[in-house]
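I would like the entire structure built from these sequences, with the hints used as guidance.
Those protein sequences? They're chains A and B, same order as listed. For the first sequence, the tail end lands on 123 under the UniProt record's numbering, and the numbers increase by one without skipping. For the second sequence, the tail end lands on 123 under the UniProt record's numbering, and the numbers increase by one without skipping.
Because the hints were derived from the structure by calculation, they are not lab data. Worth double-checking, as some hints may not be accurate.
A pair holds if it fits inside one copy or across any two, identical chains being indistinguishable in the list.
With a cut-off of at most 20 Å between alpha-carbon atoms, the simulated EDC-like pairs for lysine to aspartate or glutamate come out as follows [what the hints assert, rightly or not]:
| id | residue 1 | residue 2 |
| --- | --- | --- |
| 1 | K94 | D80 |
| 2 | K120 | E109 |
| 3 | K33 | E117 |
| 4 | K94 | E109 |
| 5 | K43 | D18 |
| 6 | K72 | D18 |
Since this is a predicted model, take the numbers as computed values, not measurements.
There are 2 protein chains.
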Amino acid sequence: MFSHVLICPKREVKRFLDLTAEETSDLWLTAQKVGRQLESYHKASSLTLAIQDGPQAGQTVPHVHIHVVPRKGGDFEKNDEIYDAMDEKEKELKEKLDLDKERKDRSAEEMSQEAEEYRKLFL
Amino acid sequence: MFSHVLICPKREVKRFLDLTAEETSDLWLTAQKVGRQLESYHKASSLTLAIQDGPQAGQTVPHVHIHVVPRKGGDFEKNDEIYDAMDEKEKELKEKLDLDKERKDRSAEEMSQEAEEYRKLFL
Numbered sequence: 001m002f003s004h005v006l007i008c009p010k011r012e013v014k015r016f017l018d019l020t021a022e023e024t025s026d027l028w029l030t031a032q033k034v035g036r037q038l039e040s041y042h043k044a045s046s047l048t049l050a051i052q053d054g055p056q057a058g059q060t061v062p063h064v065h066i067h068v069v070p071r072k073g074g075d076f077e078k079n080d081e082i083y084d085a086m087d088e089k090e091k092e093l094k095e096k097l098d099l100d101k102e103r104k105d106r107s108a109e110e111m112s113q114e115a116e117e118y119r120k121l122f123l
Numbered sequence: 001m002f003s004h005v006l007i008c009p010k011r012e013v014k015r016f017l018d019l020t021a022e023e024t025s026d027l028w029l030t031a032q033k034v035g036r037q038l039e040s041y042h043k044a045s046s047l048t049l050a051i052q053d054g055p056q057a058g059q060t061v062p063h064v065h066i067h068v069v070p071r072k073g074g075d076f077e078k079n080d081e082i083y084d085a086m087d088e089k090e091k092e093l094k095e096k097l098d099l100d101k102e103r104k105d106r107s108a109e110e111m112s113q114e115a116e117e118y119r120k121l122f123l
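Structural data, given as structure tokens:
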């Protein structure tokens, strides 16, 4: 699967419904820009964009975030498996924010390399 | 499952990436407004908001549309079943637009009643 990017507003807001009009526009214009770059970078042909807005929709971290995932034919055996991957990403995010929980990070080198490539891409 | 609403821009555009900044803002501010009303109307507590942007992401009708679905605890046995429901809705939309395909509409009365309730809600 391709790199999965989460986009969130700077202000810590729990629900998408609670964003101001300006924040909503900024958030989605950013998602559009990031999606365009990601799709081109990964030579993909589609995107999955989703907000799980509230715990009953699968949101595990109470700070609005958009999932942006570049898609290619045959990247998942069944299209809906993308949403299991989305849940995995939610869990990772939650564990990352949970300081009591032990987790194995990717190596500093791996993360630094990805961050560097994405920096060139988006900035 | 609750009523599932699709929101699309007036201009027929295939990809979310191809909307202008103004269309993107309008589309998501509308989704936010509709989501707020739907959630309250159905006494739900969360929302699923998603765009399947391009055929490889599960888009079946080449006109940008956002899926907005009010969510409640226990509405699906597994959270991800919502995405199967989303695919069903994509198929319905496609069949509705395919004039050669026979389909059984809901009764005029059923549709008129739902349209009337939603008109009061959103206008």
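Cross-check of the supplied hints:
no.	hint	verdict
1	K94 to D80	between (22 Å within a copy, 18 Å between copies)
2	K120 to E109	within (17 Å within a copy, 56 Å between copies)
3	K33 to E117	within (16 Å within a copy, 37 Å between copies)
4	K94 to E109	neither (22 Å within a copy, 46 Å between copies)
5	K43 to D18	between (35 Å within a copy, 17 Å between copies)
6	K72 to D18	between (33 Å within a copy, 18 Å between copies)
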